[in-house]
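Turn these sequences into a full structure, and let the hints steer you where they fit.
As they're listed, the protein sequences go chains E and D. Number 139 in our numbering belongs to position 139 of the first sequence; there are no gaps in the numbering. Number 237 in our numbering belongs to position 237 of the second sequence; there are no gaps in the numbering.
Note that these hints are calculated values from the structure, not bench results. Glycine included, every Cβ here is placed at the ideal spot set by N, Cα and C. Among these hints, one or two may not hold up.
Under the rule of at most 16 Å between Cα atoms (straight-line distance), these lysine to aspartate or glutamate pairs were calculated in the EDC-like manner [what the hints assert, rightly or not]:
1. K155/D / E112/D
2. K27/E / D68/E
3. K282/E / E212/D
4. K282/E / E234/D
5. K117/D / E153/D
6. K282/D / E212/E
7. K155/E / D179/E
8. K117/E / E153/E
9. K117/D / D157/D
10. K27/D / D141/D
11. K155/E / E212/E
12. K282/D / E234/E
Over 12 Å on every C-beta distance to chain E, these chain D residues come out as not near it, computed from the model [claimed, not checked]:
13. L5
14. A58
15. R84
16. D224
Protein chains: 2
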Amino acid sequence: MPVSLYIHRLAIVGTGLIGGSLALALKQADVVDEVVGLGRRRETLEQAKALGLIDVIADSSAQLAGADVVVIATPVAQMQCVLRDIAPHLGARAIVTDAGSTKCDVIAAAREALGEKFSRFVAGHPIAGAESNGPQAARSDLFIGRNVVLCPEAKTDPAAADTVTALWQAAGAQVVRMDAGRHDRIFAAVSHLPHLAAFALVDELAARPQAEDFFRYAASGFRDFTRIAGSSPEMWRDIALANREALLAELSAYMNKLGEIAAALENADAAALEQVFSRASKARRNWKENE
Amino acid sequence: MPVSLYIHRLAIVGTGLIGGSLALALKQADVVDEVVGLGRRRETLEQAKALGLIDVIADSSAQLAGADVVVIATPVAQMQCVLRDIAPHLGARAIVTDAGSTKCDVIAAAREALGEKFSRFVAGHPIAGAESNGPQAARSDLFIGRNVVLCPEAKTDPAAADTVTALWQAAGAQVVRMDAGRHDRIFAAVSHLPHLAAFALVDELAARPQAEDFFRYAASGFRDFTRIAGSSPEMWRDIALANREALLAELSAYMNKLGEIAAALENADAAALEQVFSRASKARRNWKENE
Numbered sequence: 001m002p003v004s005l006y007i008h009r010l011a012i013v014g015t016g017l018i019g020g021s022l023a024l025a026l027k028q029a030d031v032v033d034e035v036v037g038l039g040r041r042r043e044t045l046e047q048a049k050a051l052g053l054i055d056v057i058a059d060s061s062a063q064l065a066g067a068d069v070v071v072i073a074t075p076v077a078q079m080q081c082v083l084r085d086i087a088p089h090l091g092a093r094a095i096v097t098d099a100g101s102t103k104c105d106v107i108a109a110a111r112e113a114l115g116e117k118f119s120r121f122v123a124g125h126p127i128a129g130a131e132s133n134g135p136q137a138a139r140s141d142l143f144i145g146r147n148v149v150l151c152p153e154a155k156t157d158p159a160a161a162d163t164v165t166a167l168w169q170a171a172g173a174q175v176v177r178m179d180a181g182r183h184d185r186i187f188a189a190v191s192h193l194p195h196l197a198a199f200a201l202v203d204e205l206a207a208r209p210q211a212e213d214f215f216r217y218a219a220s221g222f223r224d225f226t227r228i229a230g231s232s233p234e235m236w237r238d239i240a241l242a243n244r245e246a247l248l249a250e251l252s253a254y255m256n257k258l259g260e261i262a263a264a265l266e267n268a269d270a271a272a273l274e275q276v277f278s279r280a281s282k283a284r285r286n287w288k289e290n291e
Numbered sequence: 001m002p003v004s005l006y007i008h009r010l011a012i013v014g015t016g017l018i019g020g021s022l023a024l025a026l027k028q029a030d031v032v033d034e035v036v037g038l039g040r041r042r043e044t045l046e047q048a049k050a051l052g053l054i055d056v057i058a059d060s061s062a063q064l065a066g067a068d069v070v071v072i073a074t075p076v077a078q079m080q081c082v083l084r085d086i087a088p089h090l091g092a093r094a095i096v097t098d099a100g101s102t103k104c105d106v107i108a109a110a111r112e113a114l115g116e117k118f119s120r121f122v123a124g125h126p127i128a129g130a131e132s133n134g135p136q137a138a139r140s141d142l143f144i145g146r147n148v149v150l151c152p153e154a155k156t157d158p159a160a161a162d163t164v165t166a167l168w169q170a171a172g173a174q175v176v177r178m179d180a181g182r183h184d185r186i187f188a189a190v191s192h193l194p195h196l197a198a199f200a201l202v203d204e205l206a207a208r209p210q211a212e213d214f215f216r217y218a219a220s221g222f223r224d225f226t227r228i229a230g231s232s233p234e235m236w237r238d239i240a241l242a243n244r245e246a247l248l249a250e251l252s253a254y255m256n257k258l259g260e261i262a263a264a265l266e267n268a269d270a271a272a273l274e275q276v277f278s279r280a281s282k283a284r285r286n287w288k289e290n291e
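Pasting the structure below:
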């Protein structure tokens, strides 16, 4: 059943691409009165205010007192500290959600930091991004038609989950709910592993004495395959560590498949190579992003 | 020294994207009188003629007699047969070149098939492509600003190499000469391995019972990383086999690097992960395609 959403005061912790875009989308949808921004860097907050993403810069977490909804959109590695920091200042009815790429670790941190208030925490992951970061990259249409995964726990207040669902829907997203463990396994496979695989390939080349020689002849296939290797090393270090177990399982399955291909190549087994390539090619052609 | 290029009769064997685009570019540059097309499929040749890529459809290799330059732009796996087939019909002054993605194997096939005429064979590889194939995908600007690698051998007539150089330059490309072994090692690293790595990742997912679940949540990172997994399985089977040794060496180096990352992850070694990711991210950002 659709929840009629109205947020008097929305707090955004981390007013970069994700937090800023969400604030902008909710303002445009006219479901929020006032957006308060929090963050480590004053400069970012001032940029966000100048760009109209937020209305008020909070000087400390104490200013969270009147927030109806708090969205944590910082890098994954900061979430534990942020949760501990804001916990004492949350109002009794405040709903807290996040936008991190991994969910089990954030849920564990929220459970520990929020105590009784954990029932009003709804873990979330918007599947959206852009080449650029920071407040200046924010845009109100970033989430339109995108999937947002929410991972409510058994203890989560259903009304809090419904509010967070309505919030992302107001920003134009499609909301899907699933178990946090399943979320982390799926994203280890379709996001975290591809990043690791691209980082590995580029680093392997970059570490060679004649690296420039190789890069010079790289063309469009290389460009596409390695685009994600240009991503933030710190962010991906943290995501990899946060989703370590699921990612190790994916990495191992991937290395097995590469070993299978190496064996087929070693034996000049044309049929085996073609089988792998055909299945992959067919699956890739059938796949439509966010269908 | 620039060679003044003038081709009375150009023969194109395989009038798809590459062969067709080259014919079109050379016609537009006004350096060719007549283009004769050869190929296995009559339908493709008729399409190529209807599109103005070629002027004449050759019914058999015997019609190659008057060709000044023959460009073999078929899939790699067909080159050996094509070379054997055309060899007896080549004129004494005819220059032969190819557009295959691997060079050592094509050179070996040309050496065997062409006999004395091998001195007028110049192995080539245009680093260009497009999402689509076939004559209808051909465009006269496909090679503008692109690298074309030529691999003349010790026995290659320098005048033949200069003519093929001038031909690609007339199509707008930059020509680089290098040893065939070096070519194959470089392209194993920057093209063939990325294709294998993308095929492997997609196949590993596609083979799972819950594959749809995974693909459903894949987003832009996955899209870019796996785009090349949509490539032709037959073509890549043949390229992989043709460049087997160099590719096996690359695959092994890549698997070692992935093993290194797995060990860092296993040990939760944040510094080691960050080092790999940072080096890769920096190298990827510094890389400019065809700079």
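Cross-check of the supplied hints:
1. Simply put, K155/D and E112/D have alpha-carbon atoms about 13 Å apart, close enough for the 16 Å limit, and the pair holds.
2. Restraint check for K27/E and D68/E: satisfied, since their Cα atoms lie roughly 15 Å apart, inside the 16 Å limit.
3. For the suggested pair K282/E and E212/D, the alpha carbons sit about 13 Å apart, so the restraint of at most 16 Å is met.
4. For the proposed pair K282/E and E234/D, the alpha carbon gap of about 12 Å is at most 16 Å, so the pair holds.
5. Restraint check: the Cα-Cα separation between K117/D and E153/D comes to about 13 Å, which is no more than 16 Å; the hinted pair holds.
6. Restraint check: the Cα-Cα separation between K282/D and E212/E comes to about 13 Å, which is no more than 16 Å; the hinted pair holds.
7. Note on K155/E and D179/E: the hinted pairing holds, with a Cα-Cα distance of about 13 Å set against a maximum of 16 Å.
8. Of the pairs offered as hints, the one joining K117/E and E153/E holds, with about 13 Å between alpha carbons and a cut-off of 16 Å not exceeded.
9. Taken as a hint, the K117/D and D157/D pair is honoured in the structure, with Cα atoms around 10 Å apart against an allowance of 16 Å.
10. As the CA atoms of K27/D and D141/D are separated by approximately 12 Å, the hinted pair is consistent with the 16 Å bound.
11. Under the criterion of a C-alpha separation no larger than 16 Å, the hint pairing K155/E with E212/E is inconsistent with the structure, at around 55 Å.
12. For a cut-off of 16 Å, the pair hint linking K282/D to E234/E stands: about 12 Å separates their Cα positions.
13. No Cβ of chain E approaches the Cβ of L5/D within 12 Å, the least distance being about 25 Å, so the stated non-interface status holds.
14. Here A58/D stays apart from chain E, with its beta-carbon at least about 30 Å from theirs, past the 12 Å limit.
15. Even its closest Cβ contact with chain E, about 20 Å, leaves R84/D beyond 12 Å, as expected for a residue assigned away from the interface.
16. Look at D224/D: its CB is around 5 Å from the nearest CB on chain E, not clear of 12 Å, so calling it non-interface is violated.
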